[in-house]
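Colleague: Put chain B on the given structure of chain A with help from the hints.
In case you want the letters, here they are:
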Amino acid sequence: MPGKLKVKIVAGRHLPVMDRASDLTDAFVEVKFGNTTFKTDVYHKSLNPQWNSEWFKFEVDDEDLQDEPLQITVLDHDTYSANDAIGKVYIDIDPLLYSEAATVISGWFPIYDTIHGIRGEINVVVKVDLFNDLNRFRQSSCGVKFFCTTSIPKCYRAVIIHGFVEELVVNEDPEYQWIDRIRTPRASNEARQRLISLMSGELQRKIGLKVLEMRGNAVVGYLQCFDLEGESGLVVRAIGTACTLDKLSSTAAFLPACNSPSKEMKEIPFNEDPNPNTHSSGPSTPLKNQTYSFSPSKSYSRQSSSSDTDLSLTPKTGMGSGSAGKEGGPFKALLRQQTQSALEQREFPFFTLTAFPPGFLVHVGGVVSARSVKLLDRIHNPAFVGIMGNTRSYKLLDWNSFNSDEPETRDAWWAEIRQEIKSHAKALGCHAVVGYSESTSICEEVCILSASGTAAVLNPRFLQDGTVEGCLEQRLEENLPAGCGFCHIPYDELNMPFPAHLTYCYSCRKQKVPDVLFTTIDLPADATVIGKGCLIQARLCRLKKKAQAEANATAISNLLPFMEYEVHTQLMNKLKLKGMNALFGLRIQITVGENMLMGLASATGVYLTALPTPGGIQIAGKTPNDGSYEQHISHMQKKINDTIAKNKELYEINPPEIPEEIIGSPIPEPRQRSRLLRSQSESSDEVIELDLSHGKKDAFVLEIDDTDAMEDVHSLLTDVPPPSGFYSCNTEIMPGINNWTSEIQMFTSVRVSRLSNINLTNQTLNKNFNDLCENLLKSLYFKLRSMIPCCLCHVNFTVSLPEDELIQVTVTAVAITFDKHQAVQTTKTQVEKSSQRASIDNEELLQFPLELCTDTLASHPFSSAKEHLESTSSNSGIPAAQRATSIDYSSFADRCNSWIELIKLKAQTIRRGSIKTTMPVEKASPLTEGHFRQRSAPACANSTVGVVKMTPLSFIPGAKITKYLGIINMFFIRETTSLREEGGVSGFLHAFIAEVFAMVRAHVAALGGNAVVSYIMKQCVFMENPNKNQAQCLINVSGDAVIFVRESELEIISTQQPIASCQPACSGGEIAT
Amino acid sequence: MTNELDIFVGNTTLIDEDVYRLWLDGYSVSDAVGLRVRSGILEQTGATAGVLQSDTMDHYRTFHMLERLLHTPPKLLHQLVFQIPPSRQALLIERYYAFDEAFVREVLGKKLSKGTKKDLDNISAKTGVTLKSCRRQFDNFKRVFKVVEEMRGSLAGNIQQHFLLSDRLARDYAAVVFFANNRFETGKKKLQYLTFGDLAFCAELMIQNWTPGAVADSQLDDMDVDLDKEFLQDLKELKVLVADKDLLDLHKSLVCTALRGKLSVFAEMEANFKNLSRGLVNIASKLTHTKDVRDLFVDLVEKFIEPCRSDRWPLNDVRLFLNQYSASVHSLDGFRHQTLWDRYMVTLRSCLLRMYHD
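Protein chains in written order, with our numbering: chain A, 58 to 1130; chain B, -5 to 352.
Since the hints were derived computationally from the structure, they do not count as laboratory data. Since the model is a prediction, treat every value here as computed from it, not as a measurement. One thing to keep in mind: the hints can contain errors.
[To be verified] Pairs of lysine-lysine, PhoX-like flavour, derived with a Cα cap of 25 Å: (1) B:K233 to B:K297; (2) B:K140 to A:K102; (3) B:K126 to B:K69; (4) B:K111 to B:K126; (5) B:K246 to B:K297; (6) B:K69 to A:K102.
Next comes chain A alone, as it looks inside the complex:
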């Protein structure tokens, strides 16, 4: 598909003064694509030139269209000396290459210079004419849509979810080329920006090819990252989930599905219908570039055969019998068998999605993660210089054709890690990994590669080609597990991969559930939760000796398992302290620096009704006969208990109390209690005396055997809850809050702290780091206080160690306001509406609406209440989540114990408390707070022209996304040699980030969009040299450009909308039918 690219330069404005004498500028523009350059006339003596150029036409391959950015350079004409560059605009024309996205790019773009920042704006119009070409050996992948969103994008329907796609490309970093010594910083920065732009284009094209090979048409959850490996080069890698998407044609019919989750707890793309067609199958993703890939025809045959198998294996009534829970064993086996058949053929059954069509996720095993420490070598490529000298100076190397094995090395590293993840998932009885992500941390020549995800069992039904008739039936079945199914353990309880505590599910009573669940995904839409969630962070620093190369790698490898363990313990303690039992969106980041390692884990804690009530935290002393010490201990214990009680009240966690007598017989399995102890010695006697455990029979025991542990307990208590009116989470939306209003504020906050004391210990380091994060959060709460009541969603912390004693923390999040009162008020109308709906659904049952009302109420939010009566006692212990760490580097096969083993080594003991405390008074019924949501957000009619919203979420509250315009993936470098004059480091970075936002908004606006969703700042590398008055910063951002329409502006939908949107809440109604 060759194409014709047409560009018109219209005008400029606010140009900088380039001629001191006249205070004016003689500006002209160079338009470059590939090797072709056009120039406009010089517009003399104006800061607001009107070029109104002709259409510049470039005739190009679609391969180039995908790889190359359009490069627009604004210059000041100078008769006597060289023309001075004012700045540049890079425009990614990819959104013009697929039919459903933008058709024209037109608007004002900031003119950007890497040294001076934004210098005026330029108005450009870009169009592309594509010619159809059915060449099957094509290298381009025009037409494949890319989405950063990690769920099925709204206004699309997933026909098939094919699975994992990945690719990486490697090149030499221009910053480290010999030529960099003689060229200006500006030239060097521009070379880098352009190279990365090219590499991303190529990467995207290659991923697109893989998708086409799999017969998909889109990549969802596309995550592209750069590894700046310094001397050894530049790696651009990407992962994503290949899908076949269908655009929902009649928007009216599926409006509810596309609706913003302001009324849907979860962003389920389609709760009303069409998705059951979702088909998850397809051949394994070719892992290595060309070496492993099959011919398209071959892969397709594999795909179809796999789905055939599924069809034959899946008895339509298997799950539809309505008793999915009952035949646990055989059912599970069947499930496994089916899933296996489909997934096993894939090399990596991974999904980068974090939210799924309803019913897709059957069981969740827990978190799986793997890390590996590698030594970076120079990416050596003799052919490089030759290529550079070529006419296409920056054209990337086709590594395969050059027989260079370097990218293969990087590929092999990742393959190794993915293999490990896969095996961990298997150990958990799961065949797939969802919410999968990969990351790196690089310091000098050491690189930590990390991957993590959530082991899961997926519905075999989604592996077959769904038919329309199947939809209804399927939906009914899916609703049966009623929001607890995913909690049920996928592994064999007699052969557990790690010691865990199982109980019967508190919702359905039929299946086993673990006591704690850790996952990397968003809270499933159908999950029932009590109260609200909250952001939980574990923070950890470990000093490390400075070392070189292999010694350094070994040191890091040795530290890693301990860090993971401690991070895990902290998470667990904090979760208990909040009185919650599950973590979603868990992301553990390990950052390596010269002399330390940092660990930062963020997750959103919730109370899942299906899981047992967590026990309290109990502290145990080591020295029994020291009176004052004991007093101290009991004082601490009291503080902890108070905190738990306070937290329960704060987050409205008030599961119905189960009277002791009614508690059913415990699970007949041998109950094991595990303790996470710092020392392996036993101390059960003392502990029993101090058993003041909070409320429940079993408490989580924290043993204080040294000052270290004491510190930890202290730090537990120093985490202050957000001020009233504030909530925070790192998932898409806050469990338990649903009445979002339309006001959103996305922000990025960066802090760099210098560690002052030279003699750092782990404790002071931990405290410093903890304070840094806590203070940052406090500042955010303060800054955003005018938005109260509001929730910080998708809080994303990134830690880096740019220098010896510097810690950099970057936070991006969105604050969304919500209406405290409306939820309560709408309850009634909700019920009415749901009954209305029922009457529509079941016309023949005249009495039904009434029944449904009660049913809806009872079966859902209160289901837990009813069922709690038969509840067994609660337990606590080691979570279902499992970590696995593997460390090795280079040729050293230096594998370390995995987490499983580590945990196994720990002493285990059974401990049962006997004191029961009363729960905090119920403040609000979970019904009103938790499960019904406000219908329509207050109108915000004054949408000013030109406003572009940005959000890390996949939706805009109170609005409906009507069109996806394409992916935004931008990379900027900013450098200064006058740091003080620009307001120091803060002034410099503040201005730069504001400029990056501006450029993102300008591109979105030029595409015709009014928002960026799933926005993420993937990299913010900041380097300073205050002595030289210099600083440099690299920022990489991405997101999906969309058009949204305010709900208040949509009139048609008034009646249908509420019906469907309350569906997730009243799935009980579905069962009743």
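Modeller: Okay, now just chain B, sitting in the frame of chain A:
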């Protein structure tokens, strides 16, 4: 552990009105933090001093970056770097260009030059407005002055168009520009009782009636900044009202007849009529001299307001007198400059009434 770098950037630029005010008032970050602490914000929000410090710094940095744009407000509207809702943009501009009464009274009528700028520290000390704030306000005056100085068309309209100010503020700026351009003396001790509002009121009337733009047929040369030279020249003709003794006597008798029994200070009026009339007419006839133009307000106070005030004329009597004084001229046969007289007197009468207070 110290924060080397600490920033917060929102997609929508956060503007804290209170901090903006402190910044505009010229407080340093530490002073602003101190003031905020005293406002009780820590107790209200449960924040720490460190948080407040960081927040204040951040806002100050934002304002500092915005300041460049605020110098040319239309740029603020079209720039892409800071996404600010229109209502907030208006607030930013309006507050930035707002000025202190105390400050403007010091500067009003002075040449907006480097010399005056050097005196700002004195003004700051005298008025209690921080030097920083004085500089901002002075620079605003100067910037607006430079932009509209040579422009045609309505002065307030030009200001509004180029600085996007509210109607009220644009008119105030028009007064400032008008005073600065004509260098009216306002700083004399006896003028201290006049508020900026009084003077702006007078300026507005003068702009409306005494500038070339005021005359309908001079659209082509509609300049609001300077007084109408021709008009000033013509004012000399009014001298006949006091120079011609008969005319003066006739004028007096007309006024006295009309006001007899209506004024509480009739006797004083009668006694002072010639002095007052001479004063008002002489002011008019001297306006061809730049120096006398500058002293216009001093003269008005000395020649009219002070004598009346010393005789304790009530405001209403002043009004009655001035009305009658202006109107009676129309009955003076042999006085041919009725239009000129009205153009002068209508403005002057309103100005005097406005200025007549303690």
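Colleague: Can you confirm whether the C-alpha distance between K126 of chain B and K69 of chain B stays at or below 25 Å?
Modeller: Holds: K126 of chain B and K69 of chain B sit about 23 Å apart, inside 25 Å.
Colleague: Run the distance test for K246 of chain B versus K297 of chain B: straight-line Cα separation, threshold 25 Å.
Modeller: Judged against 25 Å, a Cα distance of about 17 Å means the pair holds.
Colleague: If you draw a straight line from the CA of K233 of chain B to the CA of K297 of chain B, is it 25 Å or shorter?
Modeller: holds (16 Å)
Colleague: Could you grab the alpha-carbon distance between K69 of chain B and K102 of chain A and see if it respects the 25 Å cut-off?
Modeller: holds (19 Å)
Colleague: Next pair to validate is K111 of chain B with K126 of chain B; report whether the Cα-Cα distance is within 25 Å.
Modeller: Satisfied, since the Cα-Cα distance of roughly 11 Å is no more than 25 Å.
Colleague: Is the Cα-Cα distance between K140 of chain B and K102 of chain A 25 Å or less?
Modeller: Holds: K140 of chain B and K102 of chain A sit about 21 Å apart, inside 25 Å.
The structure agrees with every numbered hint stated previously.
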